[in-house]
Amino acid sequence: MTTHDRPTRVHIIGSGLIGASAGMALRAKGFAVSLEDMSPTSAALARDLGAGDLPGPPDADASIDLVVVATPPDVTADVVVAAQRRFPVAVVTDVASVKRIIVDEVAERGGDLARFVGGHPMAGRERSGAISARADLFTGRTWVLTPTDETAPEALTLVRSAAEATGAAVVVLGAGEHDEAVAAVSHLPQIAATVVASRLEELSDTAVELAGQGVRDVTRIAASDAGLWTQILVGNAPAVRAVLDDVIADLQDLSGALAAIARDGSHDLGAPGARAVIAAQLVAGNAGHARIPGKHGQAPTAYGSVIVLVPDEPGQLGRLFNDVGDAGVNLEDLRLDHAHGRPFGLAEVFVLPSVLGHLVESLTERGWRLHV
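Under numbering that gives the first Met the number 0, residues 0 to 371 are what the sequence shown spells out, in order.
Just so you know, not all the hints are guaranteed correct.
[Unchecked claim] DEER-style ranges, computed between Cβ atoms: (1) Asp77 with Phe320: 43 to 51 angstroms; (2) Asp47 with Ala106: 49 to 57 angstroms; (3) Ala275 with Ala106: 48 to 56 angstroms; (4) Leu351 with Gly175: 36 to 44 angstroms; (5) Gly327 with Val207: 38 to 46 angstroms; (6) Leu53 with Ala279: 56 to 64 angstroms; (7) Ser197 with Arg108: 32 to 40 angstroms; (8) Asp47 with Ala279: 53 to 61 angstroms; (9) Gly49 with Arg140: 16 to 24 angstroms; (10) Asp58 with His288: 49 to 57 angstroms; (11) Phe320 with Ala289: 26 to 34 angstroms; (12) Arg290 with Gly213: 26 to 34 angstroms.
Worth flagging that the hints you see were computed from the coordinates, not collected in a lab. By construction, the Cβ of each residue, glycine as well, lies at the ideal position given by its N, Cα and C atoms.
Put together the whole structure using the sequences plus the hints.
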């Protein structure tokens, strides 16, 4: 991207996963990117991986168009205000996953809200640091921008263009609206995954060996950075507590129903009303799951699936993918699991229902063992 007949200059403060990934993506689209980090080693690694140039620009460099603050949330506001003072004509954005508290702190510290556009790329990985960065991290993902009434229109335009250049889809929300939304769709799932995973710590080895894909799906994000997530939850405490209280109420209802059944017995006449409570919560879960967007943000699609036994040998999964493609079938989704104590894995292949029969026939002809 160009500004005033030259490449748009972006300075990224913080060269971790998000900062380095943003640098890689922006450089690929022609932005001139420089880096800065409290850790010289982290900054040098990000540079070596292609995220930007070192050293960063001198203070008061008027050629910097945009500063991206990609630091931990608890210092973001301070870094934003400092960046505005160092680069007095640059627009500043951030990538923290909480927004209201940062806007308030920037204002309290005398920051210029006209040149500040809050941002939150809804992308990440369980692993942190520049070593995990990818230029395509934001492709197809949502990047929320949270301008205030004081934000200059040209500032929002610049940040939007940079976010879109990474391949992200931009959504504009108010800071409070953003925090309430992510409390439900991002922060609460992290808490749920963490709490469920913590229950595994004291289980016997035999019990843990029974874990299947269900518990892996539920606990996948429990491996996320504990220090970072402590900051996120603290920063969005009011919104997270509100949605967490609702979940606690649901769990108490379920616990009460199960306690009644345990007390009265599970026979048909025991604990009247308890089964309805359990069923109602499960049905509500079905309804909520159905609202999660499908591919490309479209309405969710019901897929057909077949389980393929894949030998635990190099190249076998690639062979399966090739055979699915040779059958002329588009792979819509995939779930992998391991067969405990067996020399093969289980690949559940999801396709459109209209082509499932053809795929089963084709894979069978090619020698694959299937469970439909």
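Hints, one by one, checked against the model:
{"no.": "1", "hint": "Asp77 with Phe320: 43 to 51 angstroms", "verdict": "holds (48 angstroms)"}
{"no.": "2", "hint": "Asp47 with Ala106: 49 to 57 angstroms", "verdict": "violated (38 angstroms)"}
{"no.": "3", "hint": "Ala275 with Ala106: 48 to 56 angstroms", "verdict": "holds (50 angstroms)"}
{"no.": "4", "hint": "Leu351 with Gly175: 36 to 44 angstroms", "verdict": "holds (40 angstroms)"}
{"no.": "5", "hint": "Gly327 with Val207: 38 to 46 angstroms", "verdict": "holds (41 angstroms)"}
{"no.": "6", "hint": "Leu53 with Ala279: 56 to 64 angstroms", "verdict": "holds (58 angstroms)"}
{"no.": "7", "hint": "Ser197 with Arg108: 32 to 40 angstroms", "verdict": "holds (37 angstroms)"}
{"no.": "8", "hint": "Asp47 with Ala279: 53 to 61 angstroms", "verdict": "holds (55 angstroms)"}
{"no.": "9", "hint": "Gly49 with Arg140: 16 to 24 angstroms", "verdict": "holds (20 angstroms)"}
{"no.": "10", "hint": "Asp58 with His288: 49 to 57 angstroms", "verdict": "holds (51 angstroms)"}
{"no.": "11", "hint": "Phe320 with Ala289: 26 to 34 angstroms", "verdict": "holds (29 angstroms)"}
{"no.": "12", "hint": "Arg290 with Gly213: 26 to 34 angstroms", "verdict": "violated (21 angstroms)"}
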